[in-house]
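J.: Listed below, chain by chain, are the residues.
2 protein chains.
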Amino acid sequence: MVSKRMEQVRAEVQGRLDLAISLMPEGRLRDAMAYAVLGGKRVRAFLVMESARLHEVPAEAALPVAAAVEALHAYSLVHDDLPAMDDDELRRGLPTCHVQWDEATAILAGDALQTLAFELLTDPAIGGAETRVALVAALARAAGARGMVWGQEQDIAAETAVAPLTLDQITALQRAKTGALIGFAAEAGPLMAGSDPAPLRHYAQALGLAFQIADDILDVTGTEAETGKRVGKDAAANKATFVSLLGLDGARERAAALVAQAENALAPYGDSAESLRELARFVIQRDK
Amino acid sequence: MVSKRMEQVRAEVQGRLDLAISLMPEGRLRDAMAYAVLGGKRVRAFLVMESARLHEVPAEAALPVAAAVEALHAYSLVHDDLPAMDDDELRRGLPTCHVQWDEATAILAGDALQTLAFELLTDPAIGGAETRVALVAALARAAGARGMVWGQEQDIAAETAVAPLTLDQITALQRAKTGALIGFAAEAGPLMAGSDPAPLRHYAQALGLAFQIADDILDVTGTEAETGKRVGKDAAANKATFVSLLGLDGARERAAALVAQAENALAPYGDSAESLRELARFVIQRDK
Numbered sequence: 001m002v003s004k005r006m007e008q009v010r011a012e013v014q015g016r017l018d019l020a021i022s023l024m025p026e027g028r029l030r031d032a033m034a035y036a037v038l039g040g041k042r043v044r045a046f047l048v049m050e051s052a053r054l055h056e057v058p059a060e061a062a063l064p065v066a067a068a069v070e071a072l073h074a075y076s077l078v079h080d081d082l083p084a085m086d087d088d089e090l091r092r093g094l095p096t097c098h099v100q101w102d103e104a105t106a107i108l109a110g111d112a113l114q115t116l117a118f119e120l121l122t123d124p125a126i127g128g129a130e131t132r133v134a135l136v137a138a139l140a141r142a143a144g145a146r147g148m149v150w151g152q153e154q155d156i157a158a159e160t161a162v163a164p165l166t167l168d169q170i171t172a173l174q175r176a177k178t179g180a181l182i183g184f185a186a187e188a189g190p191l192m193a194g195s196d197p198a199p200l201r202h203y204a205q206a207l208g209l210a211f212q213i214a215d216d217i218l219d220v221t222g223t224e225a226e227t228g229k230r231v232g233k234d235a236a237a238n239k240a241t242f243v244s245l246l247g248l249d250g251a252r253e254r255a256a257a258l259v260a261q262a263e264n265a266l267a268p269y270g271d272s273a274e275s276l277r278e279l280a281r282f283v284i285q286r287d288k
Numbered sequence: 001m002v003s004k005r006m007e008q009v010r011a012e013v014q015g016r017l018d019l020a021i022s023l024m025p026e027g028r029l030r031d032a033m034a035y036a037v038l039g040g041k042r043v044r045a046f047l048v049m050e051s052a053r054l055h056e057v058p059a060e061a062a063l064p065v066a067a068a069v070e071a072l073h074a075y076s077l078v079h080d081d082l083p084a085m086d087d088d089e090l091r092r093g094l095p096t097c098h099v100q101w102d103e104a105t106a107i108l109a110g111d112a113l114q115t116l117a118f119e120l121l122t123d124p125a126i127g128g129a130e131t132r133v134a135l136v137a138a139l140a141r142a143a144g145a146r147g148m149v150w151g152q153e154q155d156i157a158a159e160t161a162v163a164p165l166t167l168d169q170i171t172a173l174q175r176a177k178t179g180a181l182i183g184f185a186a187e188a189g190p191l192m193a194g195s196d197p198a199p200l201r202h203y204a205q206a207l208g209l210a211f212q213i214a215d216d217i218l219d220v221t222g223t224e225a226e227t228g229k230r231v232g233k234d235a236a237a238n239k240a241t242f243v244s245l246l247g248l249d250g251a252r253e254r255a256a257a258l259v260a261q262a263e264n265a266l267a268p269y270g271d272s273a274e275s276l277r278e279l280a281r282f283v284i285q286r287d288k
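Those protein sequences? They're chains A and B, same order as listed. Residues in the first sequence are numbered from 1 upward in steps of one, following full-length UniProt numbering. Residues in the second sequence are numbered from 1 upward in steps of one, following full-length UniProt numbering.
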């Protein structure tokens with residue numbers, strides 16, 4: 001069952017993050033960092049652990065990488081939620097970091113979580129120095145001004161743009177904003193093993209888009225209680241989304257097609273990739 | 001002459017930063033990143049290049065490290081200047097990043113500059129993978145929640161603290177806030193060469209504190225035109241500084257003593273470290 005395995009990964013990655021943060025000096029900054037890494041579905045960590053398993057990379061080697069990608073993701077959420085950005089007050093069912101603490105602490109906690117992500121990739125448990133440097137370079141490409149941060153900037157620009165984005169533009173934006181980090185996570189296993197990343201790259205591209213379409217659908221159909229975050233944001237902001245462009249049924253169809261595509265990309269792995277197929281199905285069935 | 005050598009380093013590191021940023025997608029985010037890395041004294045880059053030269057590390061190998069430390073430093077300034085942090089409108093004689101662009105862009109440009117710093121450390125020109133991983137780990141320690149960001153958090157907390165900080169507390173705060181990154185820069189040469197970092201570590205500890213005391217003095221004696229940033233901030237905020245605790249003359253004496261200490265730490269290098277001695281003297285004589 002994918003949910004049982006996800007639960008196990010969730011506990012392991014939380015333990016690794018808590019350990020890393022416990023080594024920081026006591027105080028408000030550390031508390032805010034610990035707060036920011038609580039909860040979440042840990043989809044990215046699961047991708048790291050499963051892609052590692054498929055390439056016979058030991059779990060002990062993959063765990064710091066899984067923790068790194070979740071630290072990076074947590075930093076991006078803390079900064080995205082800031083008043084100057086998406087201005088959100090609820091995340092994972094809890095007050096956002098700047099509401100729970102304050103804006104300065106949230107900015108700094110996010111900054112320090114990004115630093116921690118790169119530090120975690122230097123953990124000798126991961127393997128040789130060549131592997132660790134390759135992971136640092138890959139995470140930097142996925143996270144920085146060619147990846148996640150570029151996507152976030154496009155997303156914010158879209159809110160004040162004169163014309164709503166087209167489907168192609170939204171697809172490009174989401175490929176960067178959420179797809180790049182999901183791609184890093186899915187390719188971590190082959191990268192660590194020195195194997196061909198193509199099947200998992202194709203899987204991650206389809207999964208990342210399906211994930212985002214599901215998010216857009218939840219923003220329309222979900223409740224705050226279910227999703228743990230504010231809903232109806234996109235419509236309120238008059239923002240083009242996969243739902244506004246394709247309609248609710250069209251978006252659901254597109255997501256289902258992408259999930260099928262993601263599952264097909266896993267063919268080279270046969271039955272051993274069943275948990276990743278289940279993850280793809282979970283991504284569009286989830287209620288948060 | 002140290003100023004001629006500093007000018008050379010400044011041009012080289014600017015070239016390396018411009019090259020790295022030119023590889024990012026065009027647009028507002030990239031423009032803000034390029035804006036944020038303009039100007040500055042490049043003290044940290046100079047420390048990297050000189051500590052590398054003293055340890056016979058080629059300049060081509062040291063240059064990406066120098067660019068990395070300046071990218072990291074630039075990110076910290078962009079975030080420090082934000083309204084929720086120090087709320088500064090002038091930096092290096094120009095409008096701060098969030099004034100020139102907007103808050104969201106400044107947050108994202110800072111985020112992407114931190115990512116870029118770590119990416120620069122993966123440049124194969126630096127040397128073997130072991131060296132690059134060691135640099136990533138060292139920069140993460142210096143920059144994160146045990147180093148620079150911790151110091152910045154303490155600095156912000158001090159503004160609302162009931163009792164002003166003591167000399168010991170300010171020293172600890174500044175060791176983290178500015179000292180950790182200066183230490184990374186000064187130790188980069190021995191780290192890359194696999195040599196004993198102790199002399200340059202002692203040099204950097206004294207230099208970092210002297211640098212901060214000089215900053216506190218400039219905040220009292222300097223003008224906005226000279227320093228390129230707002231002055232009189234500390235007194236207006238009723239903030240304890242080296243000047244408020246030691247007096248202007250006492251602070252000058254302490255800075256001079258630290259410069260002598262920094263110069264003495266370089267004894268093992270003999271005459272070849274003359275430029276670092278000149279840098280230490282420059283740090284307390286500068287007017288910006």
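To be clear, the hints were calculated from the coordinates, so they are not data collected in a lab. Treat the hints with care, since some could be wrong.
[Said to hold, decoys possible] Part of the chain A face toward chain B, derived, beta carbon under 8 angstroms: (1) R10; (2) A11; (3) Q14; (4) L77; (5) V99; (6) W101; (7) E103; (8) T122; (9) V133; (10) A145; (11) R146; (12) I217; (13) I284.
The beta-carbon is built from N, C-alpha and C at its ideal position, and this holds for glycine as well.
J.: Return the numbers of the hints above that this structure violates; sort them in rising order.
T.: 1, 2, 3, 4, 5, 6, 12, 13
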